[in-house]
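Colleague: Sequence:
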Amino acid sequence: MAYEHLRVVRDEPIHLRKKRGFPRFPKPADPRQHGAQLARSLVELKESPADFGFDSRRLIQVSVVEGFRPEALEAILGLTVVSQEGNSIALLFSTDEALEQVDAKLTKLSKDGQVTHANLLFALNGFSSWTPADRTGAALQQLGLPDDNSSIVDVELWPLDRRDERERMIAAFEELLRENEVEQLDSLNRESLVLFKIRVSAPALAVLLSYRDVRLIDLPPRFAFGLESIRLDINALPRIDPPADNAPSVCVLDTGLAAGHPLLAPAVGDTQNFIVAGEDASDHDGHGTRVAGLALYGRVFDRLPDQFLPRLRLFAGKVFANDGQDQTRFVEKAVEDAVAYFHDHYRCKVFCLSYGDGNKVYDGRHVRGLAYTLDRLSRKLGVLFVVPTGNQSALPDNALEAFPAYLHAETFRLLDPATSLNAITVGGLAQFELDHQAQRFPERIESSPLARRNQPSPFTRVGPSIGGAVKPDFVAEAGNLAWHHLRRNISSQRLGVVSTSRDFADGRLFDDAPGTSFAAPQVAHLAASLLRFAPDASSDTLRALLGVHARVPGESSTLVPNDAARLAVAGYGRVEDQHLFESQDHVVTLVGSDAIGLDHHHYYELALPEDFWGGRNRPREISVALAYSPLVKTTRIAYRAVKLSFNVVEADSLEQVTGWFNTNRVAAARKLAESTFANINATSRSKGTLQCATWTYRRSGARKLFIVVTRKDEPWNPEPNVPERYSLAVTFRDLTNADANIYIQVRQRLRQRERVRNTR
1 MAYEHLRVVR DEPIHLRKKR GFPRFPKPAD PRQHGAQLAR SLVELKESPA
51 DFGFDSRRLI QVSVVEGFRP EALEAILGLT VVSQEGNSIA LLFSTDEALE
101 QVDAKLTKLS KDGQVTHANL LFALNGFSSW TPADRTGAAL QQLGLPDDNS
151 SIVDVELWPL DRRDERERMI AAFEELLREN EVEQLDSLNR ESLVLFKIRV
201 SAPALAVLLS YRDVRLIDLP PRFAFGLESI RLDINALPRI DPPADNAPSV
251 CVLDTGLAAG HPLLAPAVGD TQNFIVAGED ASDHDGHGTR VAGLALYGRV
301 FDRLPDQFLP RLRLFAGKVF ANDGQDQTRF VEKAVEDAVA YFHDHYRCKV
351 FCLSYGDGNK VYDGRHVRGL AYTLDRLSRK LGVLFVVPTG NQSALPDNAL
401 EAFPAYLHAE TFRLLDPATS LNAITVGGLA QFELDHQAQR FPERIESSPL
451 ARRNQPSPFT RVGPSIGGAV KPDFVAEAGN LAWHHLRRNI SSQRLGVVST
501 SRDFADGRLF DDAPGTSFAA PQVAHLAASL LRFAPDASSD TLRALLGVHA
551 RVPGESSTLV PNDAARLAVA GYGRVEDQHL FESQDHVVTL VGSDAIGLDH
601 HHYYELALPE DFWGGRNRPR EISVALAYSP LVKTTRIAYR AVKLSFNVVE
651 ADSLEQVTGW FNTNRVAAAR KLAESTFANI NATSRSKGTL QCATWTYRRS
701 GARKLFIVVT RKDEPWNPEP NVPERYSLAV TFRDLTNADA NIYIQVRQRL
751 RQRERVRNTR
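In UniProt numbering, the protein residues as written are 1 to 760.
One should not assume that every hint holds.
Stated by the list, open to error - Lysine-lysine pairs mimicking DSS-like chemistry, simulated, CA-CA at most 30 Å apart:
hint	residue 1	residue 2
1	704	643
2	27	108
3	643	687
4	643	712
5	687	704
6	46	108
7	105	27
8	704	380
9	46	105
10	27	333
11	46	111
12	380	687
13	333	380
14	46	27
15	111	27
16	333	687
17	27	712
18	108	380
19	687	712
To be verified - Each pair of labels, with its calculated beta carbon distance range:
hint	residue 1	residue 2	range
20	74	363	43 to 53 Å
21	752	582	18 to 28 Å
22	558	207	46 to 56 Å
23	744	138	55 to 65 Å
24	46	162	21 to 31 Å
Calculated from the structure, these hints are not laboratory results.
On a predicted model such as this, the values are computed, not experimentally measured, just so you know.
Idealized CB from N, CA, C, for every residue including glycine.
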């Protein structure tokens with residue numbers, strides 16, 4: 001029997017988290033020698049020519065030990081943190097006076113072995129400049145300018161915290177462009193992201209690469225959408241009724257939409273072009289129409305030939321140029337405009353952005369412009385973005401033999417915006433194993449699939465994201481590839497994801513193509529469909545519900561047994577929709593939301609009935625997912641302003657648990673949590689903003705379990721007194737006893753506890 005999900009309620013009391021003091025860094029074996037070495041690198045820096053910028057300060061690069069917070073250097077007057085690049089590199093603006101003060105301290109340290117702020121100096125390894133090579137993006141470095149006389153590039157400036165400095169910097173940079181006759185095509189000015197799209201020559205590029213205020217210059221996005229057609233009879237379609245007027249919506253941000261497609265038209269609410277004002281949003285590429293079919297219906301292949309009944313309203317914003325070439329407007333700006341429009345006019349909450357910038361492979365440092373844009377909009381508007389990991393088109397020559405080991409090469413890292421922490425990132429799974437040749441000649445060995453069903457797609461990209469955050473969050477069907485033995489090349493025919501085709505007027509209702517772009521809309525469909533059952537659910541609640549119902553397919557677990565590698569490829573797994581929308585007698589889901597203050601703990605006792613624990617020894621699962629959308633900043637490796645985490649603790653009573661955490665006996669609590677065999681440990685899952693874990697119990701015997709949610713902030717958080725909202729989802733499963741009736745018992749226990757609270 002199906003039931004609505006229950007509500008999980010927080011228990012009292014709330015406790016403050018015990019904080020650690022300022023970190024102390026190891027004292028070098030010879031402080032004098034350390035001071036002398038730093039002094040020499042500082043002298044070399046001061047003697048090198050300074051790059052010019054909007055003011056006279058010098059940009060200095062400081063090598064620091066891991067764990068050092070660069071804001072501590074601002075204790076020296078005249079030093080201002082600009083950014084933290086990697087775990088061991090900090091960039092600062094420095095006045096001449098500040099450099100002299102540092103020089104004096106180093107001189108004293110090298111002479112006496114001690115000085116004020118000695119702990120800060122012990123954390124430093126050396127000084128240097130930010131060079132043109134540091135400012136050159138990976139794609140620009142690898143490919144160079146397409147045309148030395150006129151090429152489009154994207155320029156990122158330092159996103160300075162002070163608005164007046166940021167405006168002065170932008171004005172000075174625009175003047176520099178005019179002086180060098182560089183054409184400005186577009187610009188974007190946000191608190192933590194400043195971008196310019198320009199048309200530049202090779203000589204002008206050299207000038208910009210030596211300009212102090214330039215953070216990075218790179219080639220603009222690449223688009224490469226393959227198309228393999230499948231022809232089905234348009235006359236065989238049944239009549240398609242439109243969704244209800246109050247149906248939830250899903251919005252596709254892509255290359256536009258063939259809105260007249262007979263499977264899509266009944267559900268289409270509005271389409272808009274956000275690249276060229278006044279032009280329609282027609283899809284001349286086909287990518288957007290494929291994505292839309294999957295966002296509206298989910299796995300289209302499973303609905304063939306006649307199970308098409310749209311239950312969502314479909315909206316589409318054209319944010320990519322049709323050919324993807326020479327696009328003169330930032331995708332970031334088009335996406336922001338589109339989200340504002342569909343959110344304000346139609347209250348759209350779920351957005352599918354099936355896009356990956358092939359020129360922005362994550363380098364383990366900062367997230368890039370589009371990922372930051374999505375993180376900021378997620379928090380500001382309370383919307384949910386679903387994006388793909390991106391695809392890798394250049395496979396190794398021995399891909400058939402090297403799969404899946406090659407997926408963990410640096411070249412297979414995530415593409416922007418897949419690193420976005422507050423968005424859902426989706427990787428790929430293989431679905432079909434026989435390509436076109438294998439189907440034509442079943443008696444011959446024409447080709448071999450690189451992946452088997454439910455294994456990672458051979459082209460999917462892998463995490464983690466910034467700070468080691470789990471990415472992708474989920475996986476879904478994205479297609480497969482095969483090695484053709486005679487032709488000695490890679491084939492994708494009939495191995496892609498089936499969806500709606502823009503060429504429906506020619507009789508092509510459907511086509512297929514491989515790519516994680518077609519995995520993302522399947523998850524977006526599930527997220528939007530949850531709103532049919534919980535219309536007021538927040539974007540974080542949607543993420544938590546998806547997460548608590550995700551499982552890694554067994555075929556992927558067997559292929560990639562290493563825990564860290566599996567997380568990087570498959571994340572929390574594929575979302576299973578069997579019990580996603582409603583609970584059953586033997587599978588119960590609880591959902592709740594709250595807001596937690598700085599350095600506090602929240603406690604939840606799980607209302608597990610005796611029947612769940614009783615009877616013979618058998619597997620029982622308890623899954624927990626936490627989701628939140630923190631403020632972010634691109635100039636810190638500590639990208640999240642707020643860090644939430646959770647533990648599941650076995651104890652005799654709530655008082656025992658609160659005693660552990662209130663007296664800083666966290667180690668004991670963690671030991672108990674780890675003893676319950678979570679499939680993903682607390683350290684790994686807590687690095688992201690969607691955190692999921694499952695505990696499996698095989699022995700019978702009653703026990704009490706508690707969830708403890710903890711908040712701690714980064715020093716740079718500008719809103720420490722603002723409670724951080726989060727959502728929590730919990731699922732209990734009796735894996736072998738489908739006749740178990742635990743739902744009614746859990747509901748009764750929750751009602752009983754609620755009555756007790758109301759009488760206090």
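Colleague: A separate judgement is required for each hint: does it hold in the structure or not?
Modeller: For each hint, the structure was consulted:
{"no.": "1", "hint": "704 x 643", "result": "holds, 27 Å"}
{"no.": "2", "hint": "27 x 108", "result": "holds, 16 Å"}
{"no.": "3", "hint": "643 x 687", "result": "holds, 8 Å"}
{"no.": "4", "hint": "643 x 712", "result": "holds, 5 Å"}
{"no.": "5", "hint": "687 x 704", "result": "holds, 27 Å"}
{"no.": "6", "hint": "46 x 108", "result": "holds, 18 Å"}
{"no.": "7", "hint": "105 x 27", "result": "holds, 16 Å"}
{"no.": "8", "hint": "704 x 380", "result": "violated, 38 Å"}
{"no.": "9", "hint": "46 x 105", "result": "holds, 16 Å"}
{"no.": "10", "hint": "27 x 333", "result": "violated, 48 Å"}
{"no.": "11", "hint": "46 x 111", "result": "holds, 21 Å"}
{"no.": "12", "hint": "380 x 687", "result": "holds, 21 Å"}
{"no.": "13", "hint": "333 x 380", "result": "holds, 16 Å"}
{"no.": "14", "hint": "46 x 27", "result": "holds, 26 Å"}
{"no.": "15", "hint": "111 x 27", "result": "holds, 16 Å"}
{"no.": "16", "hint": "333 x 687", "result": "holds, 28 Å"}
{"no.": "17", "hint": "27 x 712", "result": "holds, 27 Å"}
{"no.": "18", "hint": "108 x 380", "result": "violated, 49 Å"}
{"no.": "19", "hint": "687 x 712", "result": "holds, 12 Å"}
{"no.": "20", "hint": "74 x 363: 43 to 53 Å", "result": "violated, 27 Å"}
{"no.": "21", "hint": "752 x 582: 18 to 28 Å", "result": "holds, 23 Å"}
{"no.": "22", "hint": "558 x 207: 46 to 56 Å", "result": "holds, 55 Å"}
{"no.": "23", "hint": "744 x 138: 55 to 65 Å", "result": "holds, 57 Å"}
{"no.": "24", "hint": "46 x 162: 21 to 31 Å", "result": "holds, 25 Å"}
Hints 8, 10, 18, 20, counting from the list given before, are not met by this structure.
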